[in-house]
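Number of protein chains: 2
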Amino acid sequence: YPSLFFPCSLSLPTTPHYLFTSFLCDTMPVNISDDDLTVTPVKQTGKASALGKVKGPVFSPNAGIGMADKENDSPVKKATPKKKKTVEETYAKLTQYEHVVQRPDTYIGSVEPVTQRLWVFDKDTKKMVERDVTYPPGLYKIFDEVLVNAADNHQRDPDTNRIKVEIDAEAGTISIMNNGSGIPIELHKVEGVYVPELIFGHLLTGSNFSDEDAKVTGGRNGYGAKLANIFSKEFIVETNSKEKGKVYKQVWTENMTKCAEPTIKAGGKTDWTKVTFTPDLSKFSMEKMDDDIIALFTKRVYDIAGCLAKGVKVHLNGDLIPIKSFQDYCNLYLAEKTPCVYEKVNDRWEVCICESAEGQTQQVSFSNGIWTMKGGTHVDHVLARVVKPLTEALKKKKADVKAHQIKAHLFVFVNALVVNPAFDSQTKETLT
Amino acid sequence: YPSLFFPCSLSLPTTPHYLFTSFLCDTMPVNISDDDLTVTPVKQTGKASALGKVKGPVFSPNAGIGMADKENDSPVKKATPKKKKTVEETYAKLTQYEHVVQRPDTYIGSVEPVTQRLWVFDKDTKKMVERDVTYPPGLYKIFDEVLVNAADNHQRDPDTNRIKVEIDAEAGTISIMNNGSGIPIELHKVEGVYVPELIFGHLLTGSNFSDEDAKVTGGRNGYGAKLANIFSKEFIVETNSKEKGKVYKQVWTENMTKCAEPTIKAGGKTDWTKVTFTPDLSKFSMEKMDDDIIALFTKRVYDIAGCLAKGVKVHLNGDLIPIKSFQDYCNLYLAEKTPCVYEKVNDRWEVCICESAEGQTQQVSFSNGIWTMKGGTHVDHVLARVVKPLTEALKKKKADVKAHQIKAHLFVFVNALVVNPAFDSQTKETLT
Numbered sequence: 001y002p003s004l005f006f007p008c009s010l011s012l013p014t015t016p017h018y019l020f021t022s023f024l025c026d027t028m029p030v031n032i033s034d035d036d037l038t039v040t041p042v043k044q045t046g047k048a049s050a051l052g053k054v055k056g057p058v059f060s061p062n063a064g065i066g067m068a069d070k071e072n073d074s075p076v077k078k079a080t081p082k083k084k085k086t087v088e089e090t091y092a093k094l095t096q097y098e099h100v101v102q103r104p105d106t107y108i109g110s111v112e113p114v115t116q117r118l119w120v121f122d123k124d125t126k127k128m129v130e131r132d133v134t135y136p137p138g139l140y141k142i143f144d145e146v147l148v149n150a151a152d153n154h155q156r157d158p159d160t161n162r163i164k165v166e167i168d169a170e171a172g173t174i175s176i177m178n179n180g181s182g183i184p185i186e187l188h189k190v191e192g193v194y195v196p197e198l199i200f201g202h203l204l205t206g207s208n209f210s211d212e213d214a215k216v217t218g219g220r221n222g223y224g225a226k227l228a229n230i231f232s233k234e235f236i237v238e239t240n241s242k243e244k245g246k247v248y249k250q251v252w253t254e255n256m257t258k259c260a261e262p263t264i265k266a267g268g269k270t271d272w273t274k275v276t277f278t279p280d281l282s283k284f285s286m287e288k289m290d291d292d293i294i295a296l297f298t299k300r301v302y303d304i305a306g307c308l309a310k311g312v313k314v315h316l317n318g319d320l321i322p323i324k325s326f327q328d329y330c331n332l333y334l335a336e337k338t339p340c341v342y343e344k345v346n347d348r349w350e351v352c353i354c355e356s357a358e359g360q361t362q363q364v365s366f367s368n369g370i371w372t373m374k375g376g377t378h379v380d381h382v383l384a385r386v387v388k389p390l391t392e393a394l395k396k397k398k399a400d401v402k403a404h405q406i407k408a409h410l411f412v413f414v415n416a417l418v419v420n421p422a423f424d425s426q427t428k429e430t431l432t
Numbered sequence: 001y002p003s004l005f006f007p008c009s010l011s012l013p014t015t016p017h018y019l020f021t022s023f024l025c026d027t028m029p030v031n032i033s034d035d036d037l038t039v040t041p042v043k044q045t046g047k048a049s050a051l052g053k054v055k056g057p058v059f060s061p062n063a064g065i066g067m068a069d070k071e072n073d074s075p076v077k078k079a080t081p082k083k084k085k086t087v088e089e090t091y092a093k094l095t096q097y098e099h100v101v102q103r104p105d106t107y108i109g110s111v112e113p114v115t116q117r118l119w120v121f122d123k124d125t126k127k128m129v130e131r132d133v134t135y136p137p138g139l140y141k142i143f144d145e146v147l148v149n150a151a152d153n154h155q156r157d158p159d160t161n162r163i164k165v166e167i168d169a170e171a172g173t174i175s176i177m178n179n180g181s182g183i184p185i186e187l188h189k190v191e192g193v194y195v196p197e198l199i200f201g202h203l204l205t206g207s208n209f210s211d212e213d214a215k216v217t218g219g220r221n222g223y224g225a226k227l228a229n230i231f232s233k234e235f236i237v238e239t240n241s242k243e244k245g246k247v248y249k250q251v252w253t254e255n256m257t258k259c260a261e262p263t264i265k266a267g268g269k270t271d272w273t274k275v276t277f278t279p280d281l282s283k284f285s286m287e288k289m290d291d292d293i294i295a296l297f298t299k300r301v302y303d304i305a306g307c308l309a310k311g312v313k314v315h316l317n318g319d320l321i322p323i324k325s326f327q328d329y330c331n332l333y334l335a336e337k338t339p340c341v342y343e344k345v346n347d348r349w350e351v352c353i354c355e356s357a358e359g360q361t362q363q364v365s366f367s368n369g370i371w372t373m374k375g376g377t378h379v380d381h382v383l384a385r386v387v388k389p390l391t392e393a394l395k396k397k398k399a400d401v402k403a404h405q406i407k408a409h410l411f412v413f414v415n416a417l418v419v420n421p422a423f424d425s426q427t428k429e430t431l432t
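Protein sequences, first through last, are from chains A and B. If you're matching positions, the first sequence starts at 1 in UniProt numbering and goes up one per residue. If you're matching positions, the second sequence starts at 1 in UniProt numbering and goes up one per residue.
Since the hints were made in silico from the structure, they are not lab data. Careful, some of the hints might be misleading.
[To be verified] Cross-link-like lysine-lysine pairs, in silico, DSS-like; alpha carbons within 25 Å at most:
(1) B:LYS258 to A:LYS93
(2) B:LYS84 to A:LYS269
(3) A:LYS242 to A:LYS288
These numbers come from a predicted model, not from an experiment.
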């Protein structure tokens, strides 16, 4: 391949700020062709797909995108199979379930590991650290769906004041319990199944579809827990109703394809709901939950403890998480005695701002308990509110500092409850 | 609300670069509470929903997020309707179609206008300009789905060498034609309908599900054109088969709910497929296609002309777009004689790099013809390939310039064909 040369004709500003760019003129060859990172089939690890329908992943784990394909550099292979396919072979209509399994990235994000620089919980220092984390976003997502469901229960039933999470990396099992009022243990006359079976085992079901009531829950789309069920080897729902004195239990296996009859027994005196699931790691090219995914799960449990600090005590593997306020939570990210300003704007918004040590804007933000990794309108809104008056005040002092320069030195934390939020996708990385 | 003060104890570096931050110590009040931007119901404009199922939008057009709600500042309104709802009223199971209509943001992005700084085509200067554009992302998306389908046909059938787009803002109608081999005019024996009806009028259908063949098309998920159909008042498919000497035509109306029987007649001597649709603007709180959305549509037609410059001539409203190479396309973004380097890495990758005038990284990138607004792994990959050797070369010269500083001064254009790409969501803004 030809090499890439920066032309010497570049005329660049020579202020100190731009000094380095003059080096671009040294006609340094920068070969951007790619020999080591190629599109190669991935060895399937772990248990074979129970459904036998997941197609080979696109890229190797940990690898970037191959620009060249060793096998077949050029031209692009056109789809010209030797035997002409029939229209029935070429065109297919999928069920919703098949679509989830064949196109998981539309629903839970990539099932292949990606490496991203993220904030995670460090178990030694008990602080948040920003570091490279390699994890399958889809696995993170199914954990999150179940966790956010538990957190949402505090918005639906303010008496929900305890969430208990157990993560057993050895057994590969996760359980998440909340003590709010549970799911009605009643038969749904239209669908002919009990409500817990309907909302945990049937796609496109839920109680969050009506936008007539203003909702501040994170779940909205009716996929949520079902996605966790589909990508799990085993998925168990238990719910106890104080009012009815009943406890309901139901077990799904083999990626939601097998559903046992529920058992309904006389129950205890408290309300609670518990979901226990064993993610099907083979679907994520993993054999075992590793330190990175555990650090990420742990971070999310701390997130919920921070977002719901005013009303819910959160336990992880038996220990109460020692966070009493959103400010406590923010301090997990900051060196001791870092100056920062905190403001509880109202019952729906909490904001904390300090200086970014990175020289670029940093943000940790939540909308209805969902970690909006990439920020979104809630973060933009807070930044705009802070940056504009600062810029104006500086202008009055004859200092021509641009808004983006001020922005670059801020680290903002936002904990927002937004009514009927819209996200960029089911993966909800950005609030729109 | 309490005001937000920056504490005076901040100890900041005093290099010129950080000078402005000292002003933060002036204890300037920055009240981030929000009085003017509140969550208010939006007046429905235009024709009422034909389906009567779209719920009220979340935020006002053009408005940010309200931090406070004038009507009900606090506490958060809990959902406690007076009459207790039955489980049948509370829990619902939707059809796929109902889910698309009730949760459009999962499929096409927001149906409410957003304001974003984007590159669009300026009809006066005939160049791309970056400016604030107010548009409903969902409307952009349905146009794009149909356009990318036409572009994909060049990957499936290399003889596709012409795409013709007509946009009639007055009539509110769009048509997109390509001259590649069309959709088989055959009855699908399993589904019992003609193939064009199956793939344009039934959800979760398509020919792009198999990942066994390496595909470099943009469409993958089986929603595509159906979403355009659902969000259109009228949707017409015409396809002509040279081989069979037949032309097929079918018309859907009322958001895909009404489907007329197809007509099949003796056809002409060339292959072509044409989709003509009238977006249901009432679903996007619009009465008329305005300059912003037209500028964005036009940009996308130019994008396709740039991405497929080597093989396809693209016409817009009767005029051939004068782009003969990806380099020609990149020049639409640059002032005359801007120094830049162009490299055709191989048949699948083209890259163009120049200096960013903005002081921050700029990128215009495509994966399989899809405009990845937010970039993704393909852009990161190119940047990493360029930045790393530059950083190392500078280090050898004892210049300690950080990678992110170099990055901040680059403007990269990437035109990539990626095999079986994974995107962050159906809206495909980021390549994962």
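Verification of the supplied hints:
| no. | hint | in the structure |
| --- | --- | --- |
| 1 | B:LYS258 to A:LYS93 | holds, 20 Å |
| 2 | B:LYS84 to A:LYS269 | holds, 23 Å |
| 3 | A:LYS242 to A:LYS288 | violated, 37 Å |
The structure fails hint 3 only (numbered hints given earlier).
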